[in-house]
Amino acid sequence: MGQGVTVWGVILALGVGTFLIRFSFLGLLGRRPLPEWVLRHLRYTGVAVLPGLVAPLAIWPAATGGQTDPARLLAALATVAVGVWSRSVLGAMGAGAGVLYAVLALALAGWG
Amino acid sequence: MTRAARSLTPFAQGVRDGLPFLAALAPFGLLFGVAATEAGLGFGAAMGFSAGVIAGASQFTAVSLMGDGAPALIVVVTALAVNLRMAMYSAALAPHIGAAPVWKRALAAYVLFDSVYACAAQAYPRHPEWSVRDRMLYFAGAAGPAVPMWLAVTAVGSVLGATIPAWLALDFAAPICFLAMVAPGLRTLPQVAAAVTSVAGALLLAWVPYSLGLLVAAALAMAVGAEVERRWAKA
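Each protein sequence line maps, in turn, to chains A and B. Per numbering that gives the first Met the number 0: the first sequence = residues 0 to 111. Per numbering that gives the first Met the number 0: the second sequence = residues 0 to 234.
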């Protein structure tokens, strides 16, 4: 029960916060232009958070008890490589999933 | 732009421009539903995220941190950091649709996905003849189909999530989605510098309790990206 309340608290806070970010200039702040230094920082929010979130999951996955797993690590590298090369989100996802399952299958077949 | 495209209404043009993104949204939302189940969230909570937050990357961030047992405050702050880029979208769209009635602007803000922003930012300068109403219709066309799609695939993922066996390694679906979203943008030196800082910082600070290390790493990475861009632009 206590956990359920926390989950909905997170959903509510994140939902309201996300809406306020999106509504900020459209609704509340009008057409005031953003200072250049603010824009320069905002451009890097996605690339600043997401790789850092993934790195520990790729190197010390919880699913293998924190042991480095070649399938997950190689899948992560393949996703980045194909994404950079092809500029395609779907292509990168496909490459990551393909490498993940290929290496997992090899491990199952007795290679690992 | 072809002549056939010119004859489409703004709404239909929005729908057409938004369609390719629906294909990307489907697996992403499906995997979010699965990831939510993996993290121990029920169907209601998964749908709550997709309807209430309606921002994929931050939903994934929140759910993976919750799965790690991070405190609620850290979960919310880190996931909001992922969404900060949307303030930039909001600022960029304000000159185009800022004159619309406030309820329409609120609705538009609610569905301001990356893909909708990308469509609108390209279409508005191409159509200086559009009225504010036309621009809002285009926006509705680009964003409208994405919302039911996002909810439907979340629902399917959440229901399927519990039945998917461990050997499918779906714990790694979210990491692959994140990397797939970021990698196509890693084309400039500041982007790469920010990404490398983020990874190095998160690994070196992994020992910091409450997943705070990630927030510190993200703040550093943002500053590094901005600083490299500043120097790079001068050079």
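Source of the hints: derived by calculation from the structure; they are not laboratory data. From a predicted model like this one, the values you see are computed outputs, not experimental measurements. Using N, Cα and C, we set each Cβ at its ideal position, and we do this for glycine too. Hints may be right or wrong, so weigh each one.
Negatives, chain A to chain B, calculated, CB over 10 Å [claimed, not checked]:
1) 33
2) 66
3) 67
4) 69
5) 108
6) 109
SDA-like, lysine to any residue: derived pairs with alpha carbons at most 20 Å apart [as the list claims (entries may be wrong)]:
7) 103(B) with 26(A)
8) 233(B) with 39(A)
9) 103(B) with 143(B)
The hints, checked one at a time:
1. 33: violated, 5 Å
2. 66: holds, 13 Å
3. 67: Since the minimum Cβ distance to chain B is about 12 Å, residue 67(A) lies beyond 10 Å and the statement holds.
4. 69: Holds: least Cβ distance 12 Å, greater than 10 Å.
5. 108: holds, 13 Å
6. 109: At roughly 15 Å from the nearest Cβ of chain B, residue 109(A) sits farther out than 10 Å, so the non-interface label holds.
7. 103(B) with 26(A): holds, 10 Å
8. 233(B) with 39(A): With a Cα-Cα distance of about 14 Å, the restraint between residue 233(B) and residue 39(A) holds, given a limit of 20 Å.
9. 103(B) with 143(B): The hint holds at about 13 Å.
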